[in-house]
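Peer 1: If you're matching them up, the sequences are chains H and A in order. Residue numbering for the first sequence is 1 to 330, as defined by my numbering. Residue numbering for the second sequence is 1 to 574, as defined by my numbering.
Because the hints were derived from the structure by calculation, they are not lab data. Backbone N, C-alpha and C define an ideal beta-carbon position, used for all residues, glycine too. Check each hint, because a few of them may be wrong.
Simulated pairs of lysine-lysine, DSSO-like, Cα-Cα distance not exceeding 30 Å [stated by the list, open to error]:
#1 A:Lys58 / H:Lys189
#2 H:Lys54 / H:Lys245
#3 A:Lys372 / A:Lys322
#4 H:Lys189 / A:Lys342
#5 H:Lys189 / A:Lys270
#6 A:Lys69 / H:Lys54
#7 A:Lys390 / A:Lys342
#8 H:Lys189 / A:Lys238
#9 H:Lys54 / A:Lys235
Some, not all, of what chain A presents toward chain H, calculated at C-beta under 7 Å [stated by the list, open to error]:
#10 Ala73
#11 Arg279
#12 Val447
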Amino acid sequence: MIAYAIRRLLISIPVLIVSSFLVFAMIANSGDPLEALRVTNPPTPPETIALEAKRLYLDLPWYERYWVWMNNLWHGEFGPSVNVRENINTEVWTRLGVTLRLVLVAMLLALILAIVAGVTAAVKQYSKTDYTVTFFGFLFLATPTFWLAILLKEAGITLNQIDGDPESRMFYTYGDRSVFLDDPTWWNKFTDVAGHMILPTVSLALITFASWSRFQRSSMLEVLGSDYIRLARAKGLRWRKVLTKHALRTALIPLTTVTAIDFAGLIGGAVITETIFGWAGMGQYLIDSVTTRDVYALMAWLLVAGAIVVLFNLIADLLYGVLDPRIRHD
Amino acid sequence: MHMHLRRRGVIGLAVLTSITLALTACAGSGGKDEGPESSIGFADCGTNPNACNNGKIKQGGTITYALGKDVKAWNTLSSAGNTLEYSHALFGVVPRVHVYYPDLSVQVNKDMMESVEITAKEPMTVTYKIRKEAVWNDGTPISADDFIYAWKTQNGKDCKDCKAANTSGFTQLASVTGSDGGKTVTAVFTQAFPDWQQLFSPIYPAHIAAQHGTLGESFLWLEQNVPTYTGGPYKIEKYEPNFALTLVPNEKYYGTKPTMQKVIYRIITKDSELIPAMRNREINAFSPIPTPDLVAQAKQIEDAHWYLGKNLSWEHFDFNLKNPFLADKALRLAMFTAIDRKAIIDKTVGQYAPETKPFGNHNFVPQMKAYKDHVTPTGQGSGDLEKAKKILTDAGYKIEGGKLITPKGETVPTLRMRYTTGNQLRKDSCELFASMVKNLGIQIEIVQTDNLGGTLSSGDFDVMIFAWVNSPLRIGGAKQLWRSDSSSNYGKWVNTESDKLLDEAARTVGDDAKAFDLINKANELMVADAYVLPLFQREMFLVVNKQYTNIRPNPSNHGPVYNVGTWGLLEAAN
Numbered sequence: 001m002i003a004y005a006i007r008r009l010l011i012s013i014p015v016l017i018v019s020s021f022l023v024f025a026m027i028a029n030s031g032d033p034l035e036a037l038r039v040t041n042p043p044t045p046p047e048t049i050a051l052e053a054k055r056l057y058l059d060l061p062w063y064e065r066y067w068v069w070m071n072n073l074w075h076g077e078f079g080p081s082v083n084v085r086e087n088i089n090t091e092v093w094t095r096l097g098v099t100l101r102l103v104l105v106a107m108l109l110a111l112i113l114a115i116v117a118g119v120t121a122a123v124k125q126y127s128k129t130d131y132t133v134t135f136f137g138f139l140f141l142a143t144p145t146f147w148l149a150i151l152l153k154e155a156g157i158t159l160n161q162i163d164g165d166p167e168s169r170m171f172y173t174y175g176d177r178s179v180f181l182d183d184p185t186w187w188n189k190f191t192d193v194a195g196h197m198i199l200p201t202v203s204l205a206l207i208t209f210a211s212w213s214r215f216q217r218s219s220m221l222e223v224l225g226s227d228y229i230r231l232a233r234a235k236g237l238r239w240r241k242v243l244t245k246h247a248l249r250t251a252l253i254p255l256t257t258v259t260a261i262d263f264a265g266l267i268g269g270a271v272i273t274e275t276i277f278g279w280a281g282m283g284q285y286l287i288d289s290v291t292t293r294d295v296y297a298l299m300a301w302l303l304v305a306g307a308i309v310v311l312f313n314l315i316a317d318l319l320y321g322v323l324d325p326r327i328r329h330d
Numbered sequence: 001m002h003m004h005l006r007r008r009g010v011i012g013l014a015v016l017t018s019i020t021l022a023l024t025a026c027a028g029s030g031g032k033d034e035g036p037e038s039s040i041g042f043a044d045c046g047t048n049p050n051a052c053n054n055g056k057i058k059q060g061g062t063i064t065y066a067l068g069k070d071v072k073a074w075n076t077l078s079s080a081g082n083t084l085e086y087s088h089a090l091f092g093v094v095p096r097v098h099v100y101y102p103d104l105s106v107q108v109n110k111d112m113m114e115s116v117e118i119t120a121k122e123p124m125t126v127t128y129k130i131r132k133e134a135v136w137n138d139g140t141p142i143s144a145d146d147f148i149y150a151w152k153t154q155n156g157k158d159c160k161d162c163k164a165a166n167t168s169g170f171t172q173l174a175s176v177t178g179s180d181g182g183k184t185v186t187a188v189f190t191q192a193f194p195d196w197q198q199l200f201s202p203i204y205p206a207h208i209a210a211q212h213g214t215l216g217e218s219f220l221w222l223e224q225n226v227p228t229y230t231g232g233p234y235k236i237e238k239y240e241p242n243f244a245l246t247l248v249p250n251e252k253y254y255g256t257k258p259t260m261q262k263v264i265y266r267i268i269t270k271d272s273e274l275i276p277a278m279r280n281r282e283i284n285a286f287s288p289i290p291t292p293d294l295v296a297q298a299k300q301i302e303d304a305h306w307y308l309g310k311n312l313s314w315e316h317f318d319f320n321l322k323n324p325f326l327a328d329k330a331l332r333l334a335m336f337t338a339i340d341r342k343a344i345i346d347k348t349v350g351q352y353a354p355e356t357k358p359f360g361n362h363n364f365v366p367q368m369k370a371y372k373d374h375v376t377p378t379g380q381g382s383g384d385l386e387k388a389k390k391i392l393t394d395a396g397y398k399i400e401g402g403k404l405i406t407p408k409g410e411t412v413p414t415l416r417m418r419y420t421t422g423n424q425l426r427k428d429s430c431e432l433f434a435s436m437v438k439n440l441g442i443q444i445e446i447v448q449t450d451n452l453g454g455t456l457s458s459g460d461f462d463v464m465i466f467a468w469v470n471s472p473l474r475i476g477g478a479k480q481l482w483r484s485d486s487s488s489n490y491g492k493w494v495n496t497e498s499d500k501l502l503d504e505a506a507r508t509v510g511d512d513a514k515a516f517d518l519i520n521k522a523n524e525l526m527v528a529d530a531y532v533l534p535l536f537q538r539e540m541f542l543v544v545n546k547q548y549t550n551i552r553p554n555p556s557n558h559g560p561v562y563n564v565g566t567w568g569l570l571e572a573a574n
């Protein structure tokens, strides 16, 4: 299995190089990062524009710039940002941490909800419970992320106003924490962070839960209809034991792989959720970099997000092998 | 059975939640259309712009003001730092000699300066007297050294590595010297510079810069490091990237002490998130570029004042005179006459700012004393199709089969009209422009550009829509935009008579009325040549929670933060 993993990782290197080259070519030729400097009134001195162009290697052809970028990367640097003070390395890792916090909690919540809902719906197939779970599953599946986020914000603001005190809040609509607290005790800090997390994590979790619960339901139904479950029941095992020990373990395998793949995608940027709730994570970084045509920042994003996707796809494959004894990686 | 009941309970709760969500969403989008109460605080800003929304202040309090961009550079004199939002964030920290007030007057910062005077006309000499009490927060006096540092880093000669955002004015300075223990600064110009009040706003501490290498190195250092220094009413307590900048009072401040305990600039880059944050009191004030949705929603916030006025930015249609067909004045004049500016306004900006009117000057806006409407009397922008056709037929043009034929018998080709990608207002304006000139037999191809600067400077357009942002100091600016050889004169209009007038205006110091008159005369020449058609002024929008006082709209680029040191919590506020 180790050999398989190494082989897969080695194959991913040329994939990343080719994709980075293509993306670099597209971005480098899609606009001028110094445009803002060129349309100021009064005009920016040409000497200043020339110095800035040199700093960003814009005085070189784009393919040479790619080579310079590769060279920088080899030395552990992502290159200069359009924003002169910004260190792309620091920025990427900081933002990855912010996104991880959001995605991990949302995923955990979605996973619990999806397993409970999916299993319940499967066990009670065609019952009112099943129809209700199915209804909500499809409702959230069909709901655009941004709309759900806006609805949740409205609900949060309305609930905050119930007590009549305009300064008290349980739910926050923007950011991952308050700028400052009057009384920064441990408990106040905790409730503040929690208050900021509720709406974005619920928003992301509900959208994710929707598809996962469908997966879990169908997977559970398939397992419940299999011969070994019938055998287990025929042998007189208790229903709860059959469900938890025999059926659920097998039915979790497909969800495990889907979770690993989706997790990688979300780490690359829960773009909409992060933007609407003002979390300075990877998704927002992607948007900002595109807006400012910050080619090196974009490349850093691509590389990190790409590496995570490769890694988690590999983890998904390996997990499949670990969980399902019928599959072995050679 | 017990489990079954619990499941039902969960389902019931879920249904209830979804109903609540739907209902609250409806409540958010509905309600009353306007909030006249919410504008009361700013009601007299039109007649009393420098003192509206004031009241008795109580000590303490915190205000959170939304900032549209994260601060990526701390030296606002550098190209990287020359961003409106950065400048606003640092207004209470780095001091400036002059401040642009809401009535567009340019006033001396009396906290820092004792006096600022033109003491000689030949050569032009300005004497700055700094108050003895004025110090940086480490106790070092604010002195001539700080002025000399600003000059040397921005004159383009002493520091080749300094990426100055603007060298205008500093390049005309022959010397900047200090006397009186550094508290008097004498600036001597090689040639007259009428917009001299734009200089030394702001200044940075030379003694701190001196600790960080050469001029170029220190200029960069100032750009890259969060200031621990301050010469203003506030100092930076904390900066958290992409999150917030927190200011607290500078205990060494030599002027009127600020009353707010904290001023927080909260970074909110997406304007659509401002309203929920304001309603939830996560922010207390914001001033974005307005959109119809934003204005409508802001008016519904019951505990906030709102103000929708005009700023110094103005949209315009520009011709490229390098196009041989557009080189003909008759064609340009006819096209501009066929454009109905009122109709364009009604279908675009007028949807949410009904007070918007076409305006008629390329250098001054109606709020300025020097403003004169030169455009309207010429009939340009009137949408008078018959008059436009007559201009063409008088000049020998013919409209045949929906095509315009020149006096030489050539068909006027399709003209490329450019607008900035993603700017819906400009896109709509272009489409209206195209439909209006179609009646003259002129076809327009509308093409977006994601590189406005490059498109303008390369002249890759026949007609362009974009905006200029004026400053209250307009004498030198007129020459900069419209002189025949100016790099900002993108459509390449050439008129030696206008150049002479603009040059003379730029030499006129201490007689603003004369300078304005010269600029207006030059503008009349340009208007007569139908080169650029001003459309309308853009809007400024300010929303402030009712518990704050002394914060008010300012149409200049100094914005509502021009008096951040005097912002306060209203005594009667909860």
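Peer 1: The structure should be examined with respect to each hint, and the outcome stated for every one.
Peer 2: Structure-based check of each hint:
1. This hinted pair checks out: Lys58 (chain A) and Lys189 (chain H) have alpha carbons roughly 28 Å apart, not beyond 30 Å.
2. Restraint check: the Cα-Cα separation between Lys54 (chain H) and Lys245 (chain H) comes to about 64 Å, which exceeds 30 Å; the hinted pair is violated.
3. Between Lys372 (chain A) and Lys322 (chain A) the CA atoms are separated by roughly 29 Å; this keeps the pair inside 30 Å, and the hint holds.
4. Distance restraint check for Lys189 (chain H) and Lys342 (chain A): the Cα-Cα separation of roughly 54 Å exceeds the 30 Å cut-off, and the hinted pair is therefore not satisfied.
5. With a C-alpha separation of about 26 Å, the suggested pair Lys189 (chain H) and Lys270 (chain A) falls inside the 30 Å cut-off, and the hint holds.
6. At most 30 Å may separate the alpha-carbon atoms for a hinted pair to count; Lys69 (chain A) and Lys54 (chain H) meet this at roughly 25 Å.
7. The straight-line distance between the Cα atoms of Lys390 (chain A) and Lys342 (chain A) is roughly 21 Å, inside the 30 Å bound, and the hint therefore holds.
8. Among the hinted pairs, Lys189 (chain H) with Lys238 (chain A) is consistent with the structure: their alpha-carbon atoms are about 17 Å apart, no more than 30 Å.
9. This hinted pair does not check out: Lys54 (chain H) and Lys235 (chain A) have alpha carbons roughly 34 Å apart, beyond 30 Å.
10. A distance limit of 7 Å between C-beta atoms decides the matter here; for Ala73 (chain A) the minimum to chain H is near 5 Å, and the interface restraint holds.
11. Residue-level restraint check for Arg279 (chain A) holds (minimum Cβ-Cβ distance to chain H is 5 Å; threshold 7 Å).
12. The beta carbon of Val447 (chain A) is not positioned within 7 Å of any beta carbon in chain H (closest approach about 15 Å), and the interface hint is therefore violated.
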